[in-house]
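Engineer: Protein sequences, first through last, are from chains A and B.
Going by full-length UniProt numbering, the first residue of the first sequence is number 1, and it counts up by one from there.
Going by full-length UniProt numbering, the first residue of the second sequence is number 1, and it counts up by one from there.
Calculated from the structure, these hints are not laboratory results.
Mixed in with the good hints there might be a few duds.
[Stated by the list, open to error] List time: in silico BS3-like cross-link candidates among lysine-lysine, alpha-carbon distance up to 25 Å:
no. : chain 1 : residue 1 : chain 2 : residue 2
1   : A       : Lys142    : B       : Lys172
2   : A       : Lys27     : A       : Lys193
3   : A       : Lys92     : A       : Lys141
4   : A       : Lys98     : A       : Lys137
5   : B       : Lys284    : A       : Lys142
6   : B       : Lys172    : A       : Lys85
7   : B       : Lys284    : A       : Lys98
8   : A       : Lys92     : B       : Lys102
9   : A       : Lys141    : B       : Lys284
10  : B       : Lys172    : A       : Lys84
11  : B       : Lys172    : A       : Lys92
12  : B       : Lys191    : A       : Lys116
13  : A       : Lys238    : A       : Lys92
14  : A       : Lys141    : B       : Lys191
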Amino acid sequence: MYKLEARDIQLYYGQKHALKGISMAIKPNTVTAFIGPSGCGKSTFLRCFNRMNDLIDTCRIEGEILIDGRDIYKDRINVVDHRKKIGMVFQKPNPFPKSIFENVAYGLRINGITHKKFLEETVERSLRQAALWDEVKDDLKKSALALSGGQQQRLCIARTLAVEPSVILMDEPCSALDPISTAKVEELIHELKNKYTIVMVTHNMQQAARVSDRTAFFYLGELIEYDDTPTIFTNPAKEATQNYVTGRFG
Amino acid sequence: MQKIKEKSIEAFLILCASITVFTTLGIIVILSIETFQFFREVSVFEFFTGTEWTPLFAIKKYGILPLVAGTLLTTLIAIAVALPLGLTIAVYLNEYADQRLKAVIKPLLEILAAIPTVVYGFFALTFVTPVLQKIIPSLSGFNALSAGLVMGVMIIPYVSSLSEDALSAVPKSLREAAYGMGSTRLQTAFKVMLPAASSGVIVSVILAISRAIGETMIVAVAAGQEPKFTFNPLQSIETITTYIVQVSMGDVPQNSLEFRSIFAAGITLFGLTFILNNISYWMKQKYQQKYE
Ligand SMILES: Nc1ncnc2c1ncn2[C@@H]1O[C@H](COP(=O)(O)OP(=O)(O)O)[C@@H](O)[C@H]1O
Ligand SMILES: [Mg+2]
Numbered sequence: 001m002y003k004l005e006a007r008d009i010q011l012y013y014g015q016k017h018a019l020k021g022i023s024m025a026i027k028p029n030t031v032t033a034f035i036g037p038s039g040c041g042k043s044t045f046l047r048c049f050n051r052m053n054d055l056i057d058t059c060r061i062e063g064e065i066l067i068d069g070r071d072i073y074k075d076r077i078n079v080v081d082h083r084k085k086i087g088m089v090f091q092k093p094n095p096f097p098k099s100i101f102e103n104v105a106y107g108l109r110i111n112g113i114t115h116k117k118f119l120e121e122t123v124e125r126s127l128r129q130a131a132l133w134d135e136v137k138d139d140l141k142k143s144a145l146a147l148s149g150g151q152q153q154r155l156c157i158a159r160t161l162a163v164e165p166s167v168i169l170m171d172e173p174c175s176a177l178d179p180i181s182t183a184k185v186e187e188l189i190h191e192l193k194n195k196y197t198i199v200m201v202t203h204n205m206q207q208a209a210r211v212s213d214r215t216a217f218f219y220l221g222e223l224i225e226y227d228d229t230p231t232i233f234t235n236p237a238k239e240a241t242q243n244y245v246t247g248r249f250g
Numbered sequence: 001m002q003k004i005k006e007k008s009i010e011a012f013l014i015l016c017a018s019i020t021v022f023t024t025l026g027i028i029v030i031l032s033i034e035t036f037q038f039f040r041e042v043s044v045f046e047f048f049t050g051t052e053w054t055p056l057f058a059i060k061k062y063g064i065l066p067l068v069a070g071t072l073l074t075t076l077i078a079i080a081v082a083l084p085l086g087l088t089i090a091v092y093l094n095e096y097a098d099q100r101l102k103a104v105i106k107p108l109l110e111i112l113a114a115i116p117t118v119v120y121g122f123f124a125l126t127f128v129t130p131v132l133q134k135i136i137p138s139l140s141g142f143n144a145l146s147a148g149l150v151m152g153v154m155i156i157p158y159v160s161s162l163s164e165d166a167l168s169a170v171p172k173s174l175r176e177a178a179y180g181m182g183s184t185r186l187q188t189a190f191k192v193m194l195p196a197a198s199s200g201v202i203v204s205v206i207l208a209i210s211r212a213i214g215e216t217m218i219v220a221v222a223a224g225q226e227p228k229f230t231f232n233p234l235q236s237i238e239t240i241t242t243y244i245v246q247v248s249m250g251d252v253p254q255n256s257l258e259f260r261s262i263f264a265a266g267i268t269l270f271g272l273t274f275i276l277n278n279i280s281y282w283m284k285q286k287y288q289q290k291y292e
């Protein structure tokens with residue numbers, strides 16, 4: 001049984017054909033990395049899984065996206081409920097202009113949870129999971145915007161974990177971070193794998209090689225190759241993949 | 001040649017800037033001198049604590065509170081109308097309406113602020129008051145309520161337009177975060193977007209309040225020009241600005257105490273808006289820093 005499945009996805013931004021017939025199946029409790037040069041459609045494809053592309057007026061999509069076997073573009077699915085089960089971490093840390101506590105509690109609050117003890121426990125657990133608890137436990141009331149970039153990004157991860165999604169989508173989560181924060185986030189991804197299915201976009205080949213089980217290489221809106229990470233990096237089937245992972249273009 | 005041109009442009013710009021500075025200074029100086037003259041005859045204490053304002057009667061009393069009460073009352077009513085409506089409109093335009101609709105509605109709304117206020121005044125007097133009297137029979141023909149309500153409609157665009165600008169300026173990434181967490185549109189708008197835009201929203205509200213406090217014509221026409229120390233919106237009242245108009249239009253001799261009272265009233269008004277502007281400036285600083 002696959003956790004996520006894409007079947008022949010065609011996506012258009014107005015006239016622009018951004019994704020050309022992409023099919024992919026992702027197993028549960030794995031880390032999948034999307035690599036490829038800028039503008040090849042990695043973010044676009046990632047955002048299909050939680051229907052974030054719905055926010056873009058000009059965007060039109062064909063094909064099927066299945067999560068636990070259910071087509072999220074049909075089946076009269078409730079988009080809002082669906083997004084609650086799919087966490088997303090963005091390229092630039094985007095905490096809400098609220099306190100640290102309220103950022104992590106946000107997902108619970110919009111679900112109508114007000115039980116104070118439960119909120120506190122969940123916030124602590126999520127911050128611990130995101131390896132941020134020790135750094136912020138004494139000033140949970142402080143504005144999240146006062147944190148450093150790396151801390152903000154881990155806060156955003158904690159915010160996502162608090163609602164216990166089954167899938168976490170990450171769009172270049174480390175691109176705005178320093179090396180130390182990056183290492184922390186990578187370590188985190190390793191641990192989270194036990195509970196979650198993770199799909200991440202990365203520009204960093206070493207990162208993809210370090211953290212992912214499977215790697216997908218995209219080029220000009222097409223999925224060129226999708227295989228076990230070691231295979232992609234050492235013995236790819238396509239020449240384009242070979243060229244890209246060895247840094248000969250892109 | 002080029003240098004002379006540069007110099008003359010610079011001189012011209014300085015001239016323009018100094019005109020506004022000198023105008024403001026001039027106003028302050030004249031207000032201060034006349035107010036000083038006024039307070040040589042009327043005690044400051046009586047002025048700020050007195051609850052009777054009868055400069056045009058035989059027994060003259062100079063207590064500014066009735067005018068302040070009238071001003072605050074109409075302003076309060078106006079804000080009670082403009083704040084919820086304006087914010088709702090701003091949220092609707094930003095989160096729900098599609099771009100083409102927004103491009104049409106926003107300028108249309110701004111026309112509300114461009115209608116001559118005397119038109120609003122007569123609208124309040126000859127339409128709103130009679131309609132309200134059907135519902136509230138005790139409503140007097142001139143009253144604070146109609147004036148305040150209509151004033152509220154007039155200042156809606158101050159709240160809606162500026163708040164919408166503030167909402168639009170919220171980074172796209174924050175909206176995505178909210179939707180990514182599974183927020184509904186309403187939750188996104190009220191739990192994330194409005195708090196993030198709070199500095200702009202507050203400034204828009206304070207601007208609307210300043211506008212309401214300074215509004216003259218609507219209250220002059222529809223609220224009755226009767227200085228009463230009351231917070232009952234069903235009665236006729238007078239505001240600071242309408243008093244000033246009343247005296248400057250009437251046949252009060254210059255240099256008389258009655259005439260000078262308008263400067264004292266003017267300084268009070270100036271003080272009120274000055275305080276508001278400072279609050280707004282301070283809010284903007286405070287929230288902007290947080291939001292970097
Ligand atoms: N909102 C949008 N409107 C129009 N075109 C877009 C939009 N977002 C992305 N694109 C285009 O779609 C293509 C894929 O973009 P993207 O998925 O962001 O690439 P990647 O994440 O791989 O760098 C690019 O050519 C980009 O210009
Ligand atoms: Mg991208």
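Engineer: Now, for every hint given, state plainly whether the structure supports it.
Structural biologist: These are the hints, each one checked on the structure:
Taken as a hint, the Lys142 (chain A) and Lys172 (chain B) pair is honoured in the structure, with Cα atoms around 23 Å apart against an allowance of 25 Å. For the given pair, Lys27 (chain A) sits about 11 Å from Lys193 (chain A) by alpha-carbon distance, which is consistent with the 25 Å threshold. Distance restraint check for Lys92 (chain A) and Lys141 (chain A): the Cα-Cα separation of roughly 22 Å lies within the 25 Å cut-off, and the hinted pair is therefore satisfied. Taken as a hint, the Lys98 (chain A) and Lys137 (chain A) pair is honoured in the structure, with Cα atoms around 16 Å apart against an allowance of 25 Å.
At roughly 19 Å between alpha-carbon atoms, Lys284 (chain B) and Lys142 (chain A) fall within 25 Å of each other, so this suggested pair holds. Proximity of Lys172 (chain B) to Lys85 (chain A) is assessed by CA-CA distance (about 22 Å); at most 25 Å being required, the pair is judged to hold. Restraint check for Lys284 (chain B) and Lys98 (chain A): the C-alpha separation of about 17 Å stays at or below 25 Å, so the hint holds. At roughly 29 Å between alpha-carbon atoms, Lys92 (chain A) and Lys102 (chain B) are farther apart than 25 Å, so this suggested pair is violated.
Taken as a hint, the Lys141 (chain A) and Lys284 (chain B) pair is honoured in the structure, with Cα atoms around 22 Å apart against an allowance of 25 Å. Taking the CA atoms of Lys172 (chain B) and Lys84 (chain A), the gap is about 19 Å. The hint holds against a cut of 25 Å. The hinted pair formed by Lys172 (chain B) and Lys92 (chain A) meets the criterion: a straight-line CA distance of about 11 Å does not exceed 25 Å. Between Lys191 (chain B) and Lys116 (chain A), the direct Cα distance comes to roughly 19 Å. Compliance with the 25 Å bound is thereby established for this hinted pair.
The hinted pair formed by Lys238 (chain A) and Lys92 (chain A) fails the criterion: a straight-line CA distance of about 32 Å is larger than 25 Å. The suggested pairing of Lys141 (chain A) with Lys191 (chain B) holds, with an alpha-carbon distance near 17 Å, which does not exceed 25 Å.
Hints 8 and 13 from the list above are not met by this structure, while the remaining hints are.
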